[in-house]
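Chemist: Chain residues, written in single-letter form:
Number of protein chains: 2
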Amino acid sequence: MEKAEAGEGGDADSYQKLRQIYRDIQTGAKAFLTAEYGMCVKFIAVFGFAMIFFVANVDGRWDFKIGALTAFSFVVGGVTSMISGYIGMMIAVFTNARCTMTATLSPDAVAWKESFNVAFRGGAVMGFALSGLGILVLYFLICMYVTVFDVASEAIKLFECVAGFGLGGSAIAMFGRVGGGIYTKAADVGADLAGKVVAGIPEDDPRNPATIADNVGDNVGDVAGMGSDLFGSFAEATCAALVIAAQSHDLVSAGWDTLIFPLYISAVGILVCAAVSFVATDLKPVRDEAEIEQVLTTQLALTTIGMTVVMYPICATFLPSTFYLGARSTFAASCANATGNSKCVTNGPFHAFCCISAGLWGGLIIGFVTEYFTSHSYSPVREVARSTETGAATNIIYGLALGYKSTIVPAGILSGIVFASFSLMDMYGVSLAALGMLGTLSTCLAIDVYGPICDNAGGIAEMAELPETVREKTDALDAAGNTTAAIGKGFAIGSAALVSLALTAAFVTRTSVLDHGVNMLNPVVFAFLLIGSMLPYWFSAMTMKSVGVAAMEMVKEVKRQFDTIPGLLEGSPGHAPPDHARCIKISTDASLREMVPPAILVMTSPIATGIFFGVEAVIGLLAGGLVSGVQLAISASNTGGAWDNAKKYVEKGGLFIDMPKRDNVTGEIIRDELGSPVLISVRQRKGSDCHKAAVVGDTVGDPLKDTSGPALNILMKLMAIISLVFADYFMSINNGQGFLNVPRQAF
Amino acid sequence: MEKAEAGEGGDADSYQKLRQIYRDIQTGAKAFLTAEYGMCVKFIAVFGFAMIFFVANVDGRWDFKIGALTAFSFVVGGVTSMISGYIGMMIAVFTNARCTMTATLSPDAVAWKESFNVAFRGGAVMGFALSGLGILVLYFLICMYVTVFDVASEAIKLFECVAGFGLGGSAIAMFGRVGGGIYTKAADVGADLAGKVVAGIPEDDPRNPATIADNVGDNVGDVAGMGSDLFGSFAEATCAALVIAAQSHDLVSAGWDTLIFPLYISAVGILVCAAVSFVATDLKPVRDEAEIEQVLTTQLALTTIGMTVVMYPICATFLPSTFYLGARSTFAASCANATGNSKCVTNGPFHAFCCISAGLWGGLIIGFVTEYFTSHSYSPVREVARSTETGAATNIIYGLALGYKSTIVPAGILSGIVFASFSLMDMYGVSLAALGMLGTLSTCLAIDVYGPICDNAGGIAEMAELPETVREKTDALDAAGNTTAAIGKGFAIGSAALVSLALTAAFVTRTSVLDHGVNMLNPVVFAFLLIGSMLPYWFSAMTMKSVGVAAMEMVKEVKRQFDTIPGLLEGSPGHAPPDHARCIKISTDASLREMVPPAILVMTSPIATGIFFGVEAVIGLLAGGLVSGVQLAISASNTGGAWDNAKKYVEKGGLFIDMPKRDNVTGEIIRDELGSPVLISVRQRKGSDCHKAAVVGDTVGDPLKDTSGPALNILMKLMAIISLVFADYFMSINNGQGFLNVPRQAF
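As given, the protein sequences belong to chains A and B, one line each in that order. Heads up, the first sequence is in numbering that gives the first Met the number 0, so the first residue is 0 and it goes up one at a time. Heads up, the second sequence is in numbering that gives the first Met the number 0, so the first residue is 0 and it goes up one at a time.
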């Protein structure tokens with residue numbers, strides 16, 4: 000390994016520090032995951048045990064085989080998710096420090112290429128490990144269950160048991176996302192506020208005791224959290240598609256490959272992603288700053304194109320040309336006198352191809368719209384940056400308005416996908432669209448994880464007091480990562496919405512409500528539609544508040560350390576080191592404590608609704624949560640992303656403000672083009688009033704974009720899959736009308 | 000009139016100024032209303048003319064009588080709404096100055112009583128004028144149409160034509176709320192920012208050229224806007240109830256009084272409100288600051304109790320005991336083999352009483368929950384105030400979380416009301432619940448309008464440079480007004496939700512879709528559910544952005560005036576006065592310009608959906624807009640209200656922050672209870688860092704609580720009533736499947 004090209008401080012000393020920081024982060028990350036997974040294991044044990052009984056209760060009879068196998072799938076799903084999160088996080092932690100090291104290389108072109116490649120490959124390892132592991136475990140699980148059930152006659156039961164896998168993955172994702180989200184933002188907001196408000200020192204300053212917790216948080220929230228979230232989406236989408244397919248007499252009788260066709264979509268996706276990943280790292284490597292963002296977005300576009308190309312042959316190979324998507328009768332009889340029935344599929348491969356492509360391209364467009372609204376290369380973020388001229392308040396107003404506005408296109412695209420895929424292939428089409436959107440999962444994850452790796456590399460460079468040029472490189476890598484992380488979030492939300500709808504669809508199919516439709520104007524349905532649409536708000540209130548509470552605890556601890564550790568704040572030579580461990584403990588404790596109430600809310604709402612009010616109420620609840628959650632999640636993520644990048648835009652000197660000459664300005668002064676003497680255009684930088692206003696927006700955006708926004712994905716999916724797994728139990732209570740025996744609306 | 004008790008400045012001079020300010024506000028308000036109503040008249044003319052043709056097209060045949068009468072109702076509704084708004088605003092403007100004058104009286108007890116009574120009576124005049132006018136005009140309109148239609152056989156057509164009245168009222172409310180909301184907040188935010196950021200002078204300083212615009216805005220937005228909003232709710236709720244009643248063969252044949260029973264609810268409501276209003280002004284007058292809030296909330300509670308007491312006899316007098324809520328058959332035949340059919344009413348008066356009471360008490364509870372979340376007497380706002388300790392960012396985070404959390408109870412109550420009233424009396428029950436909630440309309444309006452009157456009285460006192468004690472009184476009156484205004488907003492949102500659902504119900508009944516239900520899992524319904532739930536976000540984005548843009552224009556104009564008018568900023572004696580008129584013009588122009596796009600969005604969405612995708616899509620759109628809009632409106636209003644009062648809490652010295660001794664603190668220092676020497680508890684006041692942070696929240700909250708939040712009410716209602724009026728036209732296109740001929744889902 001070469002040495003840094005510009006040696007401002009002692010190099011050996013810096014690398015020593017770097018190693019120490021790496022170890023601190025690793026210890027902190029392991030400590031958090033151990034604590035979190037400890038709780039998860041207990042939860043899995045208790046909930047899994049309860050499931051054996053609840054799920055076994057089918058139509059008043061007890062079938063413990065079903066209960067036990069569902070619970071087993073649940074445990075396997077949960078454990079797989081934990082392993083995936085752990086792998087991803089350890090890789091990210093390794094890669095953080097490596098990326099900082101490679102950024103010190105010379106000449107510049109080598110440093111750019113190598114540090115980009117390290118970060119991107121780190122992300123890719125995570126992406127491939129996670130999707131590969133997920134698909135393998137799921138496949139083995141299915142193979143195991145095939146020995147227990149008779150596929151021809153018991154396909155529905157088989158895949159219902161498998162659905163526990165999705166629930167397990169999603170439950171862990173809940174804890175990962177919410178716990179990780181609270182951890183990372185408590186540390187981030189706490190460190191920022193403590194540094195700026197209390198001590199007046201910059202972000203990532205080594206004197207700040209909360210910085211290590213902040214670095215751990217990036218790995219815990221953005222890497223492990225995002226990983227388990229998308230793993231959950233993948234597991235659930237596949238389970239939903241399999242459960243729906245199993246309802247179709249024609250698909251079951253067409254043979255094994257046709258039945259597990261949904262798995263092939265994901266499997267092919269991994270191969271395509273792998274093939275495309277060499278473009279970024281080898282065929283067309285990054286040579287300078289300007290190319291980073293382009294390379295990342297190209298990856299995504301190429302993967303989408305590649306998937307589209309290979310999907311038609313796959314569909315044509317595995318799907319029959321005509322089939323009926325229902326259990327009761329054969330194709331010919333069912334479709335003879337039912338025109339416009341979306342369950343009658345007359346051109347299977349082509350219809351499936353259309354659904355999958357709709358998901359693929361819809362995801363890409365949602366991603367790029369997200370980029371448009373959150374990258375400072377485009378006008379929306381620049382407008383937000385400009386609004387800092389009149390202070391923090393207008394910055395917040397513009398940011399919120401931007402987030403609201405950014406829901407328009409995604410909501411339109413999602414409804415277009417739903418409409419098209421549903422019209423083509425009923426609920427099966429929706430689940431295929433969800434799988435299509437997740438077809439680029441490995442690439443998406445690689446790009447997503449790339450961001451926090453670079454972010455942390457920058458933090459490490461700052462703490463290790465490496466030369467300014469290193470920090471500049473990691474900052475540039477990180478800026479591109481921020482934008483692509485926004486794309487990833489768009490994907491995550493879009494796919495969560497489709498997955499959640501597919502799961503709702505599977506629930507509807509299971510509970511046979513669809514036979515007479517779900518009347519939205521049934522009082523109980525509408526009432527729960529209203530309640531469901533409130534849940535995302537309640538959930539967000541909890542998670543945001545948790546971040547606030549934990550961040551304030553962190554600020555107090557930092558204050559305490561500055562007050563009690565002599566020489567720390569002044570940075571006098573030989574002062575005692577800050578006590579990182581206590582800050583890490585505060586974040587860990589807070590996140591473990593605060594993640595419980597939101598998790599309980601999400602898990603008990605559908606169960607309580609189903610038990611007391613029946614399955615129609617559950618469908619109302621799910622639909623309400625879905626339509627309201629999507630909007631809230633998109634707007635929260637994009638508002639936060641926009642504020643973050645507006646701040647970065649100001650920091651890199653993009654913002655100029657015209658001021659009257661009499662203003663007492665400091666900093667670089669640039670006359671306007673006409674040389675007019677009345678106004679001067681002042682470049683705003685760190686420390687200017689505009690920057691301070693931008694920082695307020697950034698801090699507000701942190702919990703929105705990294706805690707409550709992404710966690711809403713899980714809310715939607717988890718509520719739906721819990722309902723699906725408990726569907727038979729709900730049906731066993733007063734024929735699905737709940738203990739309150741709510742009457743179905745007469746038509 | 001007595002003179003002020005403490006003469007710091009020249010009294011005669013102050014009163015001279017006061018008169019001048021009053022005239023300025025009056026001129027500005029008239030100018031704005033003239034400009035706004037000019038646009039409204041054009042809109043009414045064009046849209047009304049178009050309606051003649053669109054509404055006349057029933058089942059492919061042309062019935063111009065229907066078209067013309069609907070259009071006529073539309074025009075009458077619009078004009079009535081404009082007259083109501085005008086009356087309310089002129090009264091408010093008169094009362095502003097009177098309230099300032101009475102606050103100068105001595106002794107204090109007289110000043111408290113008189114100034115409270117002036118403000119409250121001003122509000123009451125507006126409340127009674129508006130509800131009285133509305134009900135009278137509607138009654139005469141119905142009487143007129145009775146001469147044209149045969150009630151026994153054409154009741155449905157009759158009330159469909161009358162429904163135009165609701166549309167007219169609501170369309171003007173749209174312009175009033177959005178235009179007024181943008182006006183008032185552009186002026187308010189602009190004046191605040193210009194004062195604080197540009198010049199460093201306090202709010203309402205007479206040197207600030209934007210203050211008169213700000214005062215005009217309070218009257219324009221909070222009085223005229225709120226008035227036309229609630230007038231719209233009243234008109235629409237009544238129309239919805241009438242249209243639904245007209246579908247029932249039994250109700251129509253039971254006689255005229257039974258048919259127009261919904262009007263009696265509102266009529267009785269006015270009498271009850273009038274009787275109760277004497278409690279506040281005469282029986283138990285306000286004697287000091289502490290009593291104000293209590294007197295106002297007592298009013299509301301007493302009105303609710305009074306209404307509940309008188310409602311049962313009214314129901315028993317006018318409603319038959321058993322009836323069927325459908326057109327096709329008589330009660331006996333329909334209900335014989337339909338158990339659990341909510342259309343079969345077996346105890347009419349009691350069921351109606353329950354529905355109305357549910358609305359009445361639900362409204363009251365929603366109001367009080369709103370108060371809990373927005374008054375600084377309770378912990379939520381105090382917690383938000385405390386969060387300013389760590390700066391503006393945590394203040395924003397806590398405020399947003401508070402708003403999200405505040406949706407829980409209202410959403411629960413609304414869904415409870417919907418469930419109960421729907422189960423008891425089908426859609427008719429929902430419309431009765433809406434009318435029940437609006438039964439206390441006159442009192443609500445009185446309380447609502449009371450707030451801005453006091454707010455303005457304070458502004459006038461400041462500008463007229465009256466003694467400090469006067470300002471203290473008006474501030475206290477205003478603080479109570481803020482809280483009760485929040486209650487009013489809660490009411491407005493709750494009633495809007497119920498009204499919107501009732502209108503949707505009327506639409507469903509009209510389009511006969513209910514015969515086979517609205518399947519939520521029909522692709523087109525679900526797709527539009529998703530789009531509908533996005534519309535409130537789009538709409539909010541537009542309105543918030545508009546406020547931002549207009550406020551920045553205002554700031555620039557104020558800057559320009561300070562730069563160009565010599566001596567203005569320094570306040571040197573004999574300087575030229577600020578140019579208020581230009582600031583008023585900026586607010587007026589901006590609001591007229593910016594209110595058009597949101598209005599177009601709201602009006603064209605349901606029409607375009609119905610024309611292209613059919614009636615099922617429209618129902619999805621309406622339901623989505625409703626469930627998502629309610630949450631967004633509640634959270635926006637309450638977040639804004641909480642920030643406002645958190646700021647007030649800091650200003651009145653309620654917030655103490657513990658600081659380490661080494662902090663360099665100024666201001667009052669209070670030792671903690673134990674006399675511990677380590678920490679000092681510092682009272683935060685105007686100008687402290689906490690106050691600055693609180694001001695940021697307040698400014699962000701302004702457009703949320705006074706522009707986008709309340710305007711969402713109109714979005715919900717207006718979309719629904721437009722759909723209702725155009726229902727026949729939609730049905731004429733491919734039998735309600737739209738030009739795209741979207742197939743209905745086969746069951």
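Fair warning: there could be bad hints in the mix.
Any copy will do: because identical chains look the same in the list, a pair fits if it lies in one copy or spans two.
[Unchecked claim] With a straight-line Cα cutoff of 20 Å, these simulated DMTMM-like cross-link-like pairs (lysine to aspartate or glutamate) come out:
no.: 1; residue 1: LYS16; residue 2: GLU382
no.: 2; residue 1: LYS112; residue 2: ASP281
no.: 3; residue 1: LYS691; residue 2: ASP149
no.: 4; residue 1: LYS112; residue 2: ASP588
no.: 5; residue 1: LYS558; residue 2: ASP688
no.: 6; residue 1: LYS283; residue 2: GLU113
no.: 7; residue 1: LYS64; residue 2: GLU471
no.: 8; residue 1: LYS555; residue 2: GLU382
no.: 9; residue 1: LYS555; residue 2: ASP688
Since the hints were made in silico from the structure, they are not lab data.
Chemist: Could you run down the list of hints and mark each one as holding or not?
Modeler: Evaluation of the provided hints:
When the C-alpha separation of LYS16 and GLU382 is checked against a cutoff of 20 Å, the pair qualifies neither within a copy, at 40 Å, nor between copies, at 41 Å. Taking the shortest Cα distances, LYS112 and ASP281 sit within 20 Å of each other inside one copy (10 Å), while across copies they are farther apart (82 Å). Neither within a single protomer nor between protomers do LYS691 and ASP149 lie at most 20 Å apart by alpha-carbon distance, with minima of 66 Å and 70 Å respectively. For the identical chains of this complex, LYS112 and ASP588 are neighbours neither inside a copy (39 Å) nor across copies (54 Å), given an alpha-carbon limit of 20 Å.
In this assembly of identical chains, the alpha carbons of LYS558 and ASP688 lie at most 20 Å apart only when taken from different copies (18 Å versus 25 Å within one copy). Only within a single protomer do LYS283 and GLU113 lie at most 20 Å apart by alpha-carbon distance; the minimum there is 13 Å, versus 80 Å between protomers. When the C-alpha separation of LYS64 and GLU471 is checked against a cutoff of 20 Å, the pair qualifies neither within a copy, at 59 Å, nor between copies, at 74 Å. Only between protomers do LYS555 and GLU382 lie at most 20 Å apart by alpha-carbon distance; the minimum there is 17 Å, versus 35 Å within a single protomer.
Proximity of LYS555 and ASP688 under a CA criterion of 20 Å is satisfied inter-copy only: 18 Å between copies versus 26 Å inside one chain copy.
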